[in-house]
Amino acid sequence: MSTSFRALMGACAVGALATSAIAETTITVATVNNGDMIRMQSMMDDFNEKHPDIKVEWVTLEENVLRQRVTQDIATKGGQFDVMTIGMYEAPIWAANGWLVPMDDLSAEYDIDDILPAMRNGLSYEGTMYAAPFYGESSMVFYRTDLLEEAGLEMPAEPTWEFIREAAVAMTDKDNEIYGACLRGKAGWGDNMAFITSMANSFGARWFDENWQAQFDSPEWKEALTFYLDLMEEAGPPGASGNSFNENLTLFNQGKCGMWIDATVAASKLTDPNESVVADKVGYALAPHKDGVSKNGNWLWAWALGIPAGTQNEEAAKTFVEWATGTGYIEMVADKQGWANVPPGTRTSLYENPEYQKIPFAQVTLDSINSADPNNPTVDPVPYVGVQFAAIPEFAGIAGQVGQEFSAAVAGQQTAEEALEKAQDITSEEMEAAGY
Amino acid sequence: MARAVTQKRKIINTAAAWAVGLLIFFPILWTILTSFKTEATAVADPPVFLAFDWTLANYHDVLERSNYARFLWNSIFIAGGSTILGLIVGIPAAWSMAFVPSNKTKDILLWMLSTKMLPAVGVLYPIYLIFIKLGLLDSRTGLIIVLMLMNLPIIVWMLYTYFKEIPGEILEAGRMDGAGLKDEILFILTPMAVPGIASTMLLNFILAWNEAFWTLNLTAAKAAPLTAFIASYSSPEGLFFAKLSAASTMAIAPILILGWFSQKQLVSGLTFGAVK
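From first to last, the protein sequence lines are chains A and B. Here the numbering used here is used: the first residue of the first sequence is 9, the next is one more, and so on. Here the numbering used here is used: the first residue of the second sequence is 3, the next is one more, and so on.
I should point out that these hints are in silico values taken from the structure, not numbers from a laboratory. Certain hints may be false.
Straight-line distance between alpha carbons at most 30 Å, and here's what the computed DSSO-like set of lysine-lysine pairs gives [stated by the list, open to error]: (1) B:106 - B:166; (2) B:184 - B:106; (3) B:12 - A:63; (4) A:344 - A:58; (5) A:182 - A:277; (6) B:118 - A:85; (7) B:135 - A:85; (8) B:135 - B:224; (9) A:182 - A:289; (10) B:224 - B:108; (11) A:182 - A:230; (12) B:135 - A:63; (13) A:277 - A:344; (14) B:224 - A:85; (15) B:108 - B:118; (16) A:58 - B:224; (17) A:264 - A:182; (18) B:12 - B:184.
Values in this document were obtained by computation on a predicted structure and should not be read as measured data.
All chains, please: the whole structure from these sequences, using the hints.
Written out as structure tokens, the structure is:
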């Protein structure tokens, strides 16, 4: 036996020993490219230190690709992912299909009762939570305190749509590129339809009646959509039919918006002087409602971590989920990057923390989240769960098409009546085809 | 007089060619420019063309966050592997069709091409399920096989048109001088077909490099190539265009450089069959 061969054998033996000493489990986490998710990836040193036996691989994908990719993998039991980032829309549907591992045996230290009830409900199916919220959001009004003052108006804590319209028109100065109402207009079930559906709720409208009949022919929908289109016409920026979260965020940060109604998580971006030229002039209020209607026009959403049923690494996956969505993680981020950067909207204890209460938008975010009820989203009863969506598999497809019609109406290609008529036809047809 | 017209026409033709070229290249140029902007400048309205503060911050962020080398290596491995495998299968197929055609050869060629007429997503689920059974999900081997199959019709067609151009008489002369099948392929056919094989190889490498349906759908963490690297920089909540552009520029740079050096072969390869 040559010396080099013996040396090689020795090296192999040492290698084998080294690998067996730490039996490493590798878990694959699928996620989207959001600020909080990226921050989590930079916090991995802490996880690796606490759990040296678990190695985490990240797969970051575009939101729609992620949804399609994860659905495909979970439906075919491909086993590509051990932890998946999913939203409030998917959680109850996938849980009903038996695709997710229930989160009913998390450790006592995790303190599941600390999770905000609205979030826990939205991610539950038949009373069991199936995905742990990483961060949660509702929507609220962001407004320019200086422009509103110039207009001689004062923002009530719970504004009505009528007030929003008055303020938006007063703030608009098209010659100087200042637009009173920056609202979503870009077609997509998670884009314009999230906003318009929430808004319609606050006008007393609903997607379906108790028998799953489409309701776009109701006077409430007509009033809501007409109001939205008029507001966009009078006080919206040009090209609004292409604007969603990112576009409006940019406009607001450039000082071109008087008001913007969108996700509560935007607050930390609007108040960051590195990103925004109006960082010190931002005010917050609850999402508006129509005078006399009890529902506000705000949505409820969570990015949550779910574990696909059938994963080989369930234990390791749960360990990771507990780490990422636990209170310890929030404290660690606060410690390293400040309270403004912690993932918001998931835990009661965060909002009880005096340090966090100092953040100007903390309370209004909590109030917004608490005022959204996914189990009871509309004035009249509905057969579905979800505020800005109906948690049925067909919804994303239907709302995508309806979103196109509403976006076309914003672009001036059709009237509210025409858009609603088409929405009614599309929805009725699709629902009938789906067997409702 | 006639000369003046020719000159004028020449100028017009050149100008038109440049205009079309620039029009086609503009999105790539814009991507490259955007990659040097800040996120805010990237979405500025009106758009800024050149007068902005150039920054390398996006490249820094992208390199810090992603393991570029791993994605790059996967791309090279998958694109290279599928091209080589495709040539191994495609050269004998094209050879037999070009030199010993049967009365069904044309039908077979058309049938091969017809597989390209089905949208890829139509076979996604069958292939996904097969991959699960064979344990090929998120493996480079699996992707090499699928991309090879996807590009095989193009490989065979391109090589076939090339081989058709080689006069059969030369092969006959070789045979009369005592060349066997092996000698015929190795010493007569191959040297004459090298330009054709080279351009087929290049085109397929580029096609496999840019393939973004199968590479996104069949990979997760281990085998993901540069297409997945680009896809990871789009964001639903937050500005991302500058970083996405930086990632795109890094993903296309290798293939752009390769294309630049081999453009002569590519152009002659692509126009070869057409000039008859």
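Hints and how they fare:
1. B:106 - B:166: holds (16 Å)
2. B:184 - B:106: Holds, because 25 Å separates the two Cα atoms, which is no more than 30 Å.
3. B:12 - A:63: Since the Cα atoms of residue 12 of chain B and residue 63 of chain A sit roughly 63 Å apart, the hinted pair is violated (cutoff 30 Å).
4. A:344 - A:58: holds (17 Å)
5. A:182 - A:277: It holds: about 25 Å lies between the C-alpha atoms, which stays within 30 Å.
6. B:118 - A:85: holds (28 Å)
7. B:135 - A:85: Measuring from Cα to Cα gives roughly 11 Å; hence the hint holds.
8. B:135 - B:224: It holds: about 18 Å lies between the C-alpha atoms, which stays within 30 Å.
9. A:182 - A:289: This hinted pair holds, its Cα atoms lying about 20 Å apart.
10. B:224 - B:108: violated (41 Å)
11. A:182 - A:230: Holds: residue 182 of chain A and residue 230 of chain A sit about 27 Å apart, inside 30 Å.
12. B:135 - A:63: holds (25 Å)
13. A:277 - A:344: holds (18 Å)
14. B:224 - A:85: Roughly 18 Å separates the two Cα atoms, so the pair holds.
15. B:108 - B:118: The hint holds at about 16 Å.
16. A:58 - B:224: The hint holds at about 24 Å.
17. A:264 - A:182: holds (10 Å)
18. B:12 - B:184: With Cα atoms ~49 Å apart, residue 12 of chain B and residue 184 of chain B exceed 30 Å; violated.
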